[in-house]
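*Asks:* Could you build all of it, start to finish, from the sequences and the hints given here?
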Amino acid sequence: MIWATRGGIVVGLAVLVWFLFKWWPGTKSLLARPLEHIGRLLPFLGGWAFGALGILAVGGLIGWAFDTALWALNWLGDVALILGVNGDAGVSSRGAYLPLTADGAGLMVIWVVAFVAACKFTNSGPQIRLGSLCGLTLGTSSSIAGLAAVPLAQATNASGSVLFAWIG
Numbered sequence: 331m332i333w334a335t336r337g338g339i340v341v342g343l344a345v346l347v348w349f350l351f352k353w354w355p356g357t358k359s360l361l362a363r364p365l366e367h368i369g370r371l372l373p374f375l376g377g378w379a380f381g382a383l384g385i386l387a388v389g390g391l392i393g394w395a396f397d398t399a400l401w402a403l404n405w406l407g408d409v410a411l412i413l414g415v416n417g418d419a420g421v422s423s424r425g426a427y428l429p430l431t432a433d434g435a436g437l438m439v440i441w442v443v444a445f446v447a448a449c450k451f452t453n454s455g456p457q458i459r460l461g462s463l464c465g466l467t468l469g470t471s472s473s474i475a476g477l478a479a480v481p482l483a484q485a486t487n488a489s490g491s492v493l494f495a496w497i498g
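All you need for the working numbering is the position in the sequence shown, starting with 1, plus 330.
To be clear, the hints were calculated from the coordinates, so they are not data collected in a lab.
Fair warning: there could be bad hints in the mix.
Claimed, not checked - Derived lysine to any residue pairs resembling SDA-like cross-links, with alpha carbons at most 20 angstroms apart:
hint : residue 1 : residue 2
1    : 358       : 370
2    : 352       : 456
3    : 352       : 459
4    : 450       : 399
5    : 352       : 370
6    : 352       : 366
7    : 450       : 375
8    : 352       : 363
9    : 450       : 392
10   : 358       : 371
11   : 450       : 440
12   : 352       : 453
13   : 450       : 370
14   : 352       : 371
15   : 352       : 372
16   : 352       : 454
17   : 358       : 369
18   : 352       : 460
19   : 352       : 449
20   : 352       : 367
Claimed, not checked - Now the in silico label distances, taken between C-beta atoms and shown as ranges:
hint : residue 1 : residue 2 : range
21   : 416       : 436       : 42 to 52 angstroms
22   : 354       : 439       : 28 to 38 angstroms
23   : 402       : 477       : 23 to 33 angstroms
24   : 417       : 456       : 20 to 30 angstroms
25   : 416       : 456       : 29 to 39 angstroms
In this text, a Cβ means the ideal position worked out from N, Cα and C, and glycines have one as well.
*Replies:* Next comes the structure, spelled out in structure tokens:
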């Protein structure tokens, strides 16, 4: 497992800022129809949860794909910091790693299929992908974003146990 560098965290926060500016409907509109506008956040939040869970809890081929994506985002952010603003890169996150149980891993495979289908067959695909990139980079941080990833893994383990006990 790799950790997010300062550049990776910058990329994750930049994606979050980009999405929030694109989403922001204005104060008047938000107050007039709050549920409609807050509902437009759900695809991004679902993608964020998927990315954070994947980077902290998954091994194997799927875990390798998450680690590779984080490596690429770290590299992109580090280049932006070093060449763009003469900043300093380096590891700046140390989130908690929580492996999935066998039942949680089985449910994660189902989540991967659901993620791919949602990105391909819904109109919310771009928001889901942006959310997963944001969650992937911020999921290893030790801030609130990173703290949310551990309960996600625990919930996936518990849900997988319930699902497979119910089916099997």
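*Asks:* A separate judgement is required for each hint: does it hold in the structure or not?
*Replies:* Consistency of the hints with the structure:
no. : hint                          : result
1   : 358 x 370                     : holds, 16 angstroms
2   : 352 x 456                     : holds, 12 angstroms
3   : 352 x 459                     : holds, 15 angstroms
4   : 450 x 399                     : holds, 19 angstroms
5   : 352 x 370                     : holds, 11 angstroms
6   : 352 x 366                     : holds, 15 angstroms
7   : 450 x 375                     : holds, 17 angstroms
8   : 352 x 363                     : holds, 17 angstroms
9   : 450 x 392                     : holds, 18 angstroms
10  : 358 x 371                     : holds, 17 angstroms
11  : 450 x 440                     : holds, 15 angstroms
12  : 352 x 453                     : holds, 16 angstroms
13  : 450 x 370                     : holds, 18 angstroms
14  : 352 x 371                     : holds, 11 angstroms
15  : 352 x 372                     : holds, 14 angstroms
16  : 352 x 454                     : holds, 14 angstroms
17  : 358 x 369                     : holds, 17 angstroms
18  : 352 x 460                     : holds, 12 angstroms
19  : 352 x 449                     : holds, 19 angstroms
20  : 352 x 367                     : holds, 12 angstroms
21  : 416 x 436: 42 to 52 angstroms : holds, 47 angstroms
22  : 354 x 439: 28 to 38 angstroms : holds, 35 angstroms
23  : 402 x 477: 23 to 33 angstroms : holds, 25 angstroms
24  : 417 x 456: 20 to 30 angstroms : holds, 29 angstroms
25  : 416 x 456: 29 to 39 angstroms : holds, 32 angstroms
Consistency note: the structure conflicts with none of the earlier hints.
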